[in-house]
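2 protein chains.
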Amino acid sequence: MVQDERQERIFRALADNSRRKILDLLRDRAMTTGRICGKLPELDRCTTMQHLRVLERAGLIIVRREGRLRWNYLDSTPIQRIYDRWIIRYARPSVELLTRLKNDLEEGSVTGKR
Amino acid sequence: MVQDERQERIFRALADNSRRKILDLLRDRAMTTGRICGKLPELDRCTTMQHLRVLERAGLIIVRREGRLRWNYLDSTPIQRIYDRWIIRYARPSVELLTRLKNDLEEGSVTGKR
Chain A
1 MVQDERQERI FRALADNSRR KILDLLRDRA MTTGRICGKL PELDRCTTMQ
51 HLRVLERAGL IIVRREGRLR WNYLDSTPIQ RIYDRWIIRY ARPSVELLTR
101 LKNDLEEGSV TGKR
Chain B
1 MVQDERQERI FRALADNSRR KILDLLRDRA MTTGRICGKL PELDRCTTMQ
51 HLRVLERAGL IIVRREGRLR WNYLDSTPIQ RIYDRWIIRY ARPSVELLTR
101 LKNDLEEGSV TGKR
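Top to bottom, those sequences are chains A and B. Per the working numbering, the very first residue in the first sequence carries number 1; after that it's consecutive. Per the working numbering, the very first residue in the second sequence carries number 1; after that it's consecutive.
It cannot be assumed that every hint is accurate.
Claimed, not checked - SDA-like cross-link-like pairs, simulated, lysine to any residue; straight-line CA separation at most 20 Å:
| no. | chain 1 | residue 1 | chain 2 | residue 2 |
| --- | --- | --- | --- | --- |
| 1 | B | K21 | A | E5 |
| 2 | A | K102 | B | K39 |
| 3 | B | K102 | A | I62 |
| 4 | A | K102 | B | W86 |
| 5 | A | K39 | B | W86 |
| 6 | B | K39 | A | R85 |
| 7 | B | K21 | A | I62 |
| 8 | A | K102 | B | P93 |
| 9 | A | K21 | B | V54 |
| 10 | B | K39 | B | M49 |
| 11 | A | K102 | B | D104 |
| 12 | A | K102 | B | K21 |
| 13 | B | K21 | A | W86 |
| 14 | A | K21 | A | E5 |
| 15 | B | K102 | A | R35 |
| 16 | A | K21 | B | K102 |
| 17 | B | K21 | A | K39 |
| 18 | B | K21 | A | D24 |
| 19 | A | K21 | B | R85 |
| 20 | A | K21 | B | I82 |
| 21 | A | K21 | B | E8 |
| 22 | A | K102 | B | K102 |
| 23 | A | K21 | B | Y73 |
| 24 | A | K21 | A | R70 |
| 25 | B | K39 | B | R6 |
| 26 | B | K21 | A | R70 |
| 27 | A | K102 | B | M49 |
| 28 | B | K102 | A | E56 |
| 29 | A | K21 | B | R12 |
| 30 | B | K21 | A | F11 |
| 31 | A | K102 | B | D84 |
| 32 | A | K102 | B | A58 |
| 33 | A | K102 | B | R6 |
| 34 | A | K21 | B | W86 |
| 35 | A | K21 | B | V63 |
Calculated from the structure, these hints are not laboratory results. Given the structure is predicted, the values throughout are model-derived calculations rather than measurements.
Let the hints inform the model, and build the full structure from the sequences given.
As structure tokens, then:
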């Protein structure tokens with residue numbers, strides 16, 4: 001099924017730490033490919049460009065060409081869809097609360113002590 | 001990094017269609033392992049149990065034993081975290097709107113015609 005293949009591509013794209021880092025970089029602003037490469041000095045340019053292609057094919061980024069520049073934008077639609085698929089609308093406030101509590105517990109900012 | 005490995009496990013767990021189906025089954029209610037096996041006749045019991053183990057290790061389901069029964073619950077915390085990581089709070093209403101529009105367009109319920 002086409003839908004399943006698309007989903008598979010999204011999760012495989014997200015299953016790599018460097019690709020998740022690229023999405024983090026693009027969360028708040030679009031970036032040129034050159035800028036992204038500069039932010040990931042641990043990777044060579046060719047590897048970073050391969051990651052960008054995987055993300056683009058998965059529909060997680062949109063690329064706009066402007067002369068010699070390639071601008072990369074995060075497309076969060078697939079992430080919104082993951083959320084919509086498994087988090088029931090009426091349960092959202094309590095799931096958010098639970099996640100916040102779990103985050104705090106893991107960071108050690110909430111303890112059983114008074 | 002421990003955090004990266006955990007993330008990797010989550011996305012690899014989600015990158016399989018049968019496992020996504022299991023999460024769909026558990027979205028609205030907890031189910032026993034026997035019931036889940038019954039809902040997935042295309043898989044043998046052993047394969048389904050393997051999928052359940054992968055989901056449990058990824059933290060996407062919680063298992064509670066009750067005598068001979070194993071009750072499986074969806075834990076949506078990892079999904080809430082994916083959402084929180086890449087969707088900026090102030091952008092949420094517009095991302096939801098865009099996703100709804102894209103869904104409608106793909107289903108063909110919105111056209112350019114009057």
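Hint by hint, here is what the structure shows:
Between K21 of chain B and E5 of chain A, the direct Cα distance comes to roughly 14 Å. Compliance with the 20 Å bound is thereby established for this hinted pair. In summary, the hint linking K102 of chain A to K39 of chain B is not supported, as the alpha carbons are separated by about 32 Å, beyond the 20 Å threshold. Only pairs whose Cα atoms come within 20 Å are accepted, and K102 of chain B paired with I62 of chain A is accepted, the gap being roughly 15 Å. Restraint check for K102 of chain A and W86 of chain B: the C-alpha separation of about 18 Å stays at or below 20 Å, so the hint holds.
The suggested pairing of K39 of chain A with W86 of chain B holds, with an alpha-carbon distance near 18 Å, which does not exceed 20 Å. As the CA atoms of K39 of chain B and R85 of chain A are separated by approximately 19 Å, the hinted pair is consistent with the 20 Å bound. At roughly 28 Å between alpha-carbon atoms, K21 of chain B and I62 of chain A are farther apart than 20 Å, so this suggested pair is violated. Of the supplied pair hints, the one linking K102 of chain A and P93 of chain B is violated, its CA atoms being roughly 25 Å apart against a limit of 20 Å.
For the hint pairing K21 of chain A with V54 of chain B, the CA-to-CA distance comes to about 24 Å; that exceeds 20 Å, so the pair is violated. Restraint check for K39 of chain B and M49 of chain B: satisfied, since their Cα atoms lie roughly 13 Å apart, inside the 20 Å limit. A C-alpha spacing of about 35 Å is found between K102 of chain A and D104 of chain B, which places the hinted pair above 20 Å, so the restraint is violated. Between K102 of chain A and K21 of chain B the CA atoms are separated by roughly 26 Å; this puts the pair beyond 20 Å, and the hint is violated.
At most 20 Å may separate the alpha-carbon atoms for a hinted pair to count; K21 of chain B and W86 of chain A meet this at roughly 11 Å. Taking the CA atoms of K21 of chain A and E5 of chain A, the gap is about 23 Å. The hint is violated against a cut of 20 Å. Of the supplied pair hints, the one linking K102 of chain B and R35 of chain A is violated, its CA atoms being roughly 30 Å apart against a limit of 20 Å. Simply put, K21 of chain A and K102 of chain B have alpha-carbon atoms about 26 Å apart, too far for the 20 Å limit, and the pair is violated.
Using a Cα cut-off of 20 Å, the hinted pair K21 of chain B and K39 of chain A is violated, with the two alpha carbons roughly 37 Å apart. For the hint pairing K21 of chain B with D24 of chain A, the CA-to-CA distance comes to about 28 Å; that exceeds 20 Å, so the pair is violated. Note on K21 of chain A and R85 of chain B: the hinted pairing holds, with a Cα-Cα distance of about 11 Å set against a maximum of 20 Å. Distance restraint check for K21 of chain A and I82 of chain B: the Cα-Cα separation of roughly 13 Å lies within the 20 Å cut-off, and the hinted pair is therefore satisfied.
A hinted pair counts as satisfied when its Cα atoms are at most 20 Å apart, and K21 of chain A with E8 of chain B qualifies at roughly 13 Å. At most 20 Å may separate the alpha-carbon atoms for a hinted pair to count; K102 of chain A and K102 of chain B exceed this at roughly 33 Å. Taking the CA atoms of K21 of chain A and Y73 of chain B, the gap is about 30 Å. The hint is violated against a cut of 20 Å. A hinted pair counts as satisfied when its Cα atoms are at most 20 Å apart, and K21 of chain A with R70 of chain A qualifies at roughly 18 Å.
As the CA atoms of K39 of chain B and R6 of chain B are separated by approximately 28 Å, the hinted pair breaks the 20 Å bound. For a cut-off of 20 Å, the pair hint linking K21 of chain B to R70 of chain A is broken: about 37 Å separates their Cα positions. As the CA atoms of K102 of chain A and M49 of chain B are separated by approximately 27 Å, the hinted pair breaks the 20 Å bound. Between the alpha carbons of K102 of chain B and E56 of chain A the distance comes to roughly 17 Å, so the proposed pair stays at or under 20 Å and holds.
At roughly 17 Å between alpha-carbon atoms, K21 of chain A and R12 of chain B fall within 20 Å of each other, so this suggested pair holds. With a C-alpha separation of about 14 Å, the suggested pair K21 of chain B and F11 of chain A falls inside the 20 Å cut-off, and the hint holds. Of the pairs offered as hints, the one joining K102 of chain A and D84 of chain B holds, with about 13 Å between alpha carbons and a cut-off of 20 Å not exceeded. A hinted pair counts as satisfied when its Cα atoms are at most 20 Å apart, and K102 of chain A with A58 of chain B qualifies at roughly 15 Å.
A C-alpha spacing of about 15 Å is found between K102 of chain A and R6 of chain B, which places the hinted pair at or below 20 Å, so the restraint holds. The hinted pair formed by K21 of chain A and W86 of chain B meets the criterion: a straight-line CA distance of about 11 Å does not exceed 20 Å. A distance of roughly 32 Å separates the Cα atoms of K21 of chain A and V63 of chain B; the hinted pair therefore is violated under the 20 Å criterion.
Violation of the numbered hints given earlier is confined to hints 2, 7, 8, 9, 11, 12, 14, 15, 16, 17, 18, 22, 23, 25, 26, 27, 35; the remaining hints are satisfied by the structure.
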